[in-house]
Amino acid sequence: MTDKLLVSTRKGLFTVSRRAGRWEIAGVDFLGDNVTLTLTDPRDGRTYAALDHGHFGVKLHRSSANGWEEIPAPAYPPKPDGYEEHDLWGRPLNWSTARIWALAAGSDEVIWCGTLPGGLFRSTDRGQSWEIVRALWDHPKRKQWTGGGADLPGIHSICVDPRNPKHVSVAVSTGGIWFTGDAGASWTLRGEGMRAEYAPPEQTHDPVVQDVHCLVQCPAAPQRMWVQHHNGIFVSSDEGRTFAEVKGVEPSTFGFAVAVHPGEPDTAWFVPEIKDEKRIPREGKLVVTRTRDGGKSFEVLSEGLPQSHAYDVVYRHALALDAAGDRLAFGSTTGGLWVSEDQGDSWACVTHTLPPVYAVRFA
Amino acid sequence: MAKVVFTPNVQRHVACPEAEAPGHTVREVLDAVFADNAPARSYVLDDQSALRKHMTIFVDGRMIRDRARLADPVGETSTIYVFQALSGG
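Protein chains in written order, with my numbering: chain A, 325 to 687; chain B, 623 to 711.
Don't read these hints as lab results, they were simulated from the structure.
Ideal placement from N, C-alpha and C gives every residue a C-beta, glycine not left out.
Incorrect hints may appear among the rest.
As the list claims (entries may be wrong) - The following residues of chain A were derived to be distant from chain B, with all beta-carbon distances above 12 Å:
hint	residue
1	W413
2	G414
3	V637
What the hints assert, rightly or not - No more than 27 Å apart at the CA atoms, straight line, and that leaves these computed lysine-lysine pairs for BS3-like:
hint	chain 1	residue 1	chain 2	residue 2
4	B	K625	A	K467
5	A	K620	A	K609
6	A	K571	A	K620
7	A	K335	B	K625
8	B	K675	B	K625
9	A	K403	B	K625
10	A	K403	A	K467
11	A	K335	A	K602
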């Protein structure tokens with residue numbers, strides 16, 4: 325069981341701890357600053373915190389025995405002289421880190437970092453230096469990636485295969501799912517079977533136009549992947565090569581976040597919103613949906629969650645599951661934070677007055 | 623030697639004391655300043671060494687025009703102000 329949560333918000337990084345059976349805010353770091361994501365590396369316990377200072381750019385901090393220290397943020401290589409790149413709308417695309425959107429550690433020495441505008445970076449020295457993964461950045465299809473909710477495309481999900489850390493899947497909004505079997509030296513586009521209803525018929529099933537909102541992989545059964553997509557829920561049983569759509573889920577299949585149980589590949593959780601052009605809970609009732617049978621059926625979990633006039637949106641990194649698979653937590657754009665200790669059957673509100681929540685992680 | 627003054631708002635993130643440095647362009651002067659204060663560089667310049675989108679620089683009261691190459695001229699007694707732009711909110 326994990327008794328500590330790190331909650332990244334628009335105005336600071338909050339530590340939430342379980343004391344005497346209750347979850348409460350135990351501290352805050354970077355108060356007033358925009359903290360977008362954290363990673364606590366299970367290999368050494370160090371925490372990495374990504375900040376976005378707006379005017380002053382994206383920064384990365386690492387915890388140490390003496391507190392936080394700023395370390396280099398991933399930086400894009402210089403553009404070749406005279407080279408200009410434009411996005412699909414014709415706007416200049418700046419090779420500069422606009423957001424740190426994914427951080428992941430595998431069983432080897434590598435830390436992976438996904439960014440806007442689409443660069444994937446690797447560090448082999450605990451974040452002291454970063455190298456862009458050129459094979460993916462230079463892939464011709466990378467230029468077909470486009471912005472989703474953000475103006476720029478970005479890598480938001482990184483799944484390092486627990487059996488082999490050279491096997492890594494990343495998901496792009498918008499740009500589909502990409503897989504490397506050689507630690508990043510080469511990449512293939514995966515995700516056959518997903519469907520993009522916002523694309524014209526000729527492109528609906530093109531894997532590169534898929535707006536994956538979040539991709540997760542079951543640690544005990546890595547062949548099982550779940551996707552919360554812009555227009556639905558998809559499940560894979562072959563490591564993301566092919567997906568099947570899960571339909572008919574009430575109250576909705578739209579959302580951003582998904583979590584999969586570490587030992588039960590058929591068990592997954594989602595936080596639904598009405599749909600893409602109406603991003604609020606249906607009827608003002610905040611619920612979590614859970615399947616235990618691979619998507620054949622879903623339960624709607626609401627005990628302890630607000631059931632009237634709730635307009636919480638839960639972003640893709642704001643739903644967390646602990647390593648044991650029993651405790652869940654999520655935070656919302658309207659500053660709510662809830663924890664469940666029974667796999668979502670019931671929820672306790674920690675607070676509803678946080679700044680907008682971007683990410684929640686057990687640490 | 624040109625004088626370089628940084629916005630006080632950056633100081634809580636990284637120390638940017640007022641500095642004097644030689645150079646004929648904004649680029650030359652800032653390169654000299656950041657050679658002695660490397661941590662401050664990424665707070666002002668992006669990954670391509672252009673001025674960050676929501677930063678602005680004034681030389682003797684005039685906003686610079688060349689935000690990518692920072693080629694605006696600097697005089698021997700110029701003062702360079704590195705500010706946040708209102709565009710960033």
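- Query: Given the hinted pair B/K625 and A/K467, is their alpha-carbon gap at most 27 Å?
  - Reply: violated (42 Å)
- Message: Would the non-interface assignment of A/G414 survive a Cβ cutoff of 12 Å against chain B?
- Response: A/G414 is indeed farther than 12 Å from all Cβ atoms of chain B, at 18 Å.
- Item | Given hint A/K602 paired with A/K335 - CA-CA distance at most 27 Å | holds (26 Å)
- Query: Regarding the pair A/K620 and A/K609, is the alpha-carbon distance no greater than 27 Å?
  - Reply: holds (23 Å)
- Any Cβ of chain B at or closer than 12 Å to A/V637, or is the non-interface label fine? holds (21 Å)
- Query: Is A/K571 close enough to A/K620, meaning Cα to Cα at most 27 Å?
  - Reply: holds (9 Å)
- Would you mind confirming whether the straight-line C-alpha gap from B/K675 to B/K625 stays at or under 27 Å? This hinted pair holds, its Cα atoms lying about 23 Å apart.
- 27 Å Cα cutoff - pair A/K403, B/K625: Given that 27 Å is the threshold and the Cα spacing comes to 30 Å, the pair is violated.
- Since A/W413 was said not to touch the interface, does its Cβ keep a gap of more than 12 Å from each Cβ of chain B? holds (17 Å)
- Query: Under the criterion that the straight-line Cα-Cα distance not exceed 27 Å, is the pair A/K403, A/K467 satisfied?
  - Reply: Between A/K403 and A/K467 the Cα gap is close to 15 Å, so the pair holds against 27 Å.
- Query: Straight-line Cα separation of A/K335 and B/K625 no greater than 27 Å?
  - Reply: violated (34 Å)
Hints 4, 7, 9 from the earlier list are contradicted by this structure; the remaining hints agree with it.
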